[in-house]
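K.L.:
Same order as they appear, the protein sequences are chains A and B. Per numbering that gives the first Met the number 0, the first sequence starts with residue 0, numbered consecutively. Per numbering that gives the first Met the number 0, the second sequence starts with residue 0, numbered consecutively.
Source of the hints: derived by calculation from the structure; they are not laboratory data. The reader is advised that the hints may include incorrect statements.
Stated by the list, open to error - FRET-style restraints, in silico, Cβ to Cβ:
#1 Asp555(A) / Ser3(B): 46 to 52 Å
#2 Thr74(A) / Asp416(B): 56 to 62 Å
#3 Pro671(B) / Glu592(A): 46 to 52 Å
#4 Pro31(A) / Asp652(B): 32 to 38 Å
To be verified - With a straight-line Cα cutoff of 30 Å, these simulated DSS-like cross-link-like pairs (lysine-lysine) come out:
#5 Lys431(B) / Lys754(B)
#6 Lys336(A) / Lys298(A)
#7 Lys17(A) / Lys222(B)
#8 Lys500(B) / Lys263(A)
#9 Lys222(B) / Lys10(A)
#10 Lys289(B) / Lys179(B)
#11 Lys263(A) / Lys10(B)
#12 Lys545(B) / Lys207(A)
Only a predicted model underlies this, so the values are computations on that prediction, with no experimental measurement involved. Beta carbons: idealized from backbone N, C-alpha and C, even for Gly.
There are 2 protein chains.
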Amino acid sequence: MSFSVVGKDIKKVDGIAKAKGVARYIGDIEFPGMLYAKILRSPHPHAKVLSVDISEAEKLDGVHAIVTPEHQPKTRYNMAGFPPNAEEFPLIEDQLILTDHPMYVGDPICAVAADTEEIAENACKLIKVEYEILPHVIFAEDAMKEDAPKLREEGNVMFEAPIKFGDIDAAFAESALIVKESYSTQKVYQATIEPTSGCVAMWDDSGKLTVYSPTQMPHLARKIIGTALDMRLGDIRLIKPHVGGGFGARLGLVIEPLTALLAKHAGRPVKLIYTREEAMAFSEHRHPCKMDMELGFTKEGRITGMRFTNIVEGGAYATHTPSIAGIVGPWAFGMYKMQAVDYLGKAVLTNSMYNGAYRGYGNPQASWAIENTMDIAAEKLGIDDLEIRKINGFGDDDIWPWSQLPVESSGLNECIDKGAESIGWHEKRGKKLGTSTKPRGIGMAVSCHVSGAKPGLLEISGAYVKINEDGTANLIIGNADIGQGSTTALAQICAEELGVKFEDIIVETDAVDTNYTLFDIGSHASRQMNSGGNVVAKAAREAKGKMLEEAAVMLDVKAGDLDAKDGIIFVKDNPTKSLTYGEVSFEAHFKPEGTQIFGTSSENPEGNPPVYAAQFAEVEVDTETGVVSVIKFVAAHDTGVVINPLNTTGQIDGGAHHGIGFALTEESVVNPETGLLENRDLANYKILTAMDMPEVVSIAVETPAKTSSHGQKSVGESGLIATAPAISNAVYNAIGVRITDLPITPDKVLAALAKK
Amino acid sequence: MSFSVVGKDIKKVDGIAKAKGVARYIGDIEFPGMLYAKILRSPHPHAKVLSVDISEAEKLDGVHAIVTPEHQPKTRYNMAGFPPNAEEFPLIEDQLILTDHPMYVGDPICAVAADTEEIAENACKLIKVEYEILPHVIFAEDAMKEDAPKLREEGNVMFEAPIKFGDIDAAFAESALIVKESYSTQKVYQATIEPTSGCVAMWDDSGKLTVYSPTQMPHLARKIIGTALDMRLGDIRLIKPHVGGGFGARLGLVIEPLTALLAKHAGRPVKLIYTREEAMAFSEHRHPCKMDMELGFTKEGRITGMRFTNIVEGGAYATHTPSIAGIVGPWAFGMYKMQAVDYLGKAVLTNSMYNGAYRGYGNPQASWAIENTMDIAAEKLGIDDLEIRKINGFGDDDIWPWSQLPVESSGLNECIDKGAESIGWHEKRGKKLGTSTKPRGIGMAVSCHVSGAKPGLLEISGAYVKINEDGTANLIIGNADIGQGSTTALAQICAEELGVKFEDIIVETDAVDTNYTLFDIGSHASRQMNSGGNVVAKAAREAKGKMLEEAAVMLDVKAGDLDAKDGIIFVKDNPTKSLTYGEVSFEAHFKPEGTQIFGTSSENPEGNPPVYAAQFAEVEVDTETGVVSVIKFVAAHDTGVVINPLNTTGQIDGGAHHGIGFALTEESVVNPETGLLENRDLANYKILTAMDMPEVVSIAVETPAKTSSHGQKSVGESGLIATAPAISNAVYNAIGVRITDLPITPDKVLAALAKK
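Work out the full structure: start from the sequences and follow the hints.
P.N.:
This is how it looks when you write it as structure tokens:
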């Protein structure tokens, strides 16, 4: 199929405004009379508040409202963005806006709204809180011990997710090889360029609340705020401004209910913006996992079965942790065919800031375990790494166990082949590369991710396209563009289906307003191109159909004889007989029985096509310092039909950046005594700089999906999933030792080399 | 028909916020970095700008942008809100944003955006403008003289509207009586509680413009701004905040193009707010008209024909003047059946601030002429005032000549009878009332107005209703609520048709946003209940239909067996079998193949039912001072089915206030030398205070329209149309002299009494 707008390198609609610094983010949103908020946090990892005295703080000039646990509804909520039908992963509602029983260092006790942030901060210092200190536990493995201090009466394992199918004992019995290995992944920070969290909240006199929040899920946010504040959804209006990166960190409403509570008490707009330090210490990072994996193989390399246990360190509240505990297993058995699985994920409470969603949502952890294991097995079985993965992959007509929906089209083998060719796999693999003190190696890993959360979670998207009198069109969508460029790509689909130029689509990325937009579950699970793309295409097709009917009357032909391109509606057999979109829309509006032409759609996508990737790394290990350097990185991704190549490459490059950092340098270090994040600034939390990044070759393998509007799948999360194991496998290839405990830091490399 | 929500006294959705002062009007809208603007105006009624020197002004600290005529596009525009299909009244495009050829005292020459209004004002004083003074003319009759200074080369009569039908000579030849009289009406000010004009404009980096404007026509405003600034509509977003009264004064974009031009040059948001003095001097008032009317009658009182000429004083630019010149005639022959008409309206340019739309749009002028004439004729023919009006009225099945559409249902006779009963017509008329120095009299007049502008103007309204997961519904409409409460009434129609409670409809009055709402031609011609009500009802019915289908599956019945009321969907034969709207919408969203339920509509109304009224006044004339006091006022209005009685009564009361002021005290006094408004504050412009108002009895005559969703017609404008002639006829009844030159001031009364 040839497209006019889809597949073109179109710059993000908000790119210039962002590059020039004029785009308005939450920090830029100001209202007359606005107050600024600060939070008084627990200094103790576990304690009981005996008394709160705000009398001195209230007297401070410029203080307008102080809220304490007494001022809040007593309804517990979960700040994560789950729709109510996420039955597989029970939504544990265990949070209050403020607490008199702090569970981690930083748990909010009180908050102040004042004329300035400084006054609010000074007021916090004047609040006197008496605590009874309670015993605490910081790490998941300690929390699971029998004598551990209990965070909840029911115990510290808040949720267990056992998933079994097939006969695992039989599968292992018939295996030629069983690889058994333990893995761990560290806690890591999303490092959004705009720090999370920020919020502006205000109430009108009729009890209606407006919240400005840079969230990934504007519509679901209403539900969370509604539960926390005991309000009906209809009274909550949420507006998403420009957002400087999400990566899952904005799939939880950390401060919105609190800001709204303060605004209610102050009777004025309130703004609460985290500093970078607060954003690092008190936002949700990726869950550290401790995983034990046993993978059985036939001698031909076919996987027989998997036994897999996974301890997920949750922090002090449930939020996403049960869901992560439940999903890591399916990520692993969604990668390869296997006849039997015995998975057990455990979600564990600890006295530290709770962890949450991060790009990949458990898949980087699963991939770390299974893709290292595949490398071990390939060596033991004497099968090429590429081959063992091809043997076990799913075919187009298979039902994908993750979703119980068809695979539709697998680009796995093509990704493997093209990536291998680009990295020079066949020339280099097995050769001694590099020098004796700086040996080099190449390794690879594959991944498989979703194009949405269906059927586990609700997937509704909605779109509404209206044609203005001049032939331009407003595209109105609840899609949360958080910087990934989904709005631009959706506008391309809209232009393509309407048959107009891209610049004729008017769409905003900075004002997703729940009062105007149809329900959209949000930007998670890389779902916007599939779910969002489908509804935009349907709404645009409906509008185009009406335009052609109108034009048919004007041209005295049948609508079926017409088509549109670049804003021109023409007779297919005689393209000189034509009208512009503007001429037809003008007539539609201004004829005696006029109407504005528009199209709408609200629905679930039909499918959830998995997206495959093969990533390859060439690394150099300095055996004297232990430093691992990635020399070259190849990422071959089957993203389905590419809507916007520029954005797609950007996602893959960004994924490599996240993934290489996860592999080598990044770690959120939790103080073992207090549970507080130690490295809570970007000087001490080591994301890669531009200078640290290797060459990244990104390869698009466009295997069209069958169920999406233009064959598109997804790309948002898949960029980083296979990255760490690809590097680990390359390190093993270089030096013959395997670091199973992320990140692969120089000290671990040196220790492993010494042991060898 | 019995309704649940329609017909109920529901308070305006924004009433509390407005009463408490927390509703945000244009003056309350602030953005970071915002600049404030002032205008440098011509001090001469007619001149040529020889040079503009802004060098000193530019140096002033805090000045960010100065625009002069050089900085604007050269496209002339008309600031009035006409759709492009208003062919009967040609749209004369004769304005520029700034002028180097000022045509009235106050014509904008330059404008300044600065950190404060004070700085902007001081900068204006530093701008040096050299003028060549040209001859000028202030009043229409002078401007029509042959030797008058010409404002345009083509002459000062910019438009003539001749309307003829039947044989007027034959009609007059067979008349038993021809009444010939001259009438004049004065220029009057709408006196909105929030002064016109105000605007905030800002540009984004991609060349898109956002304008906050308290306009009556958000969608049409884009066209005017687009023409003035040479932009495409799609690049203009208009947001209407709360508005403190319109009455037609906001059917012209006096300052929006200028504010946008300044913001473009400043590169920052710019706010321009008129003071009350500016708002009075430089906004569009009601056109003064000089009218000569000849009305022929049979001896039985049947009107035979009408000869009618009307000179409309337009001021310096065309705007609404040609339209007013064209429409006064049809208002008159739309009131009564007549076989022949010879009307000629002339639109005349003069060197004063241009006049524009004011509630009634020419009908108060027409009514002043014809309803005084009817009173004269009734006396001469010896026919009761009530009877002569009934004889000449239209029947339900007549085609109404104003619209060429059916009358549908006339409540004229019932209005006359009920009003007469209430005022005590039959007891008092013909009796000597009052004392010798304070004689009393009663008089009456009738009126007929529209429920929209169809077919003269485009009438599209659009509505979009989406049902949230909790069963609340967002009603999204482009209707411009300017304080009249149309949004509240439309939300009642929405609730009625959905079958939910009123409080389940979420709707805003302060954020009509052209990027989100379907095209709506605006709030003029009292059209919102008919045109807006119809689309809201259709969209709500569509959404309800889908809700019933969803519920039918859940309840295992047929959708046709279901109905909804108060948010409960129930089996008609077994109402205990039911589901709430929330339950059904929740299921719709969250079932596997979920969808959000919504309904949409964009269309023209089928009809344009005329609305009738009969108004009665009892007056007391102090023959020593000449002061006329209205003792009692009765307004019987056929508004069709009343959607909101509270709002309807409010409109009738407000109409009486406007109408009595027009009759007795209000006059915009133009300086005969300069053309500048003399009484440009509310101390010197005499609107009636609450203490000045008589008892107003409002009577609803609910004769259902046939073509509107619930039988509703209109009420917005009709309240003031018959008021002045009703009072004039009562004055004649009291003292036997008739003042034909509005307003009926004490000096005119004393002079007339002296003459008598």
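K.L.:
Of all the hints given earlier, name the ones this structure violates by number, lowest first.
P.N.:
Checked against the structure, no hint fails, so every one of them is satisfied.
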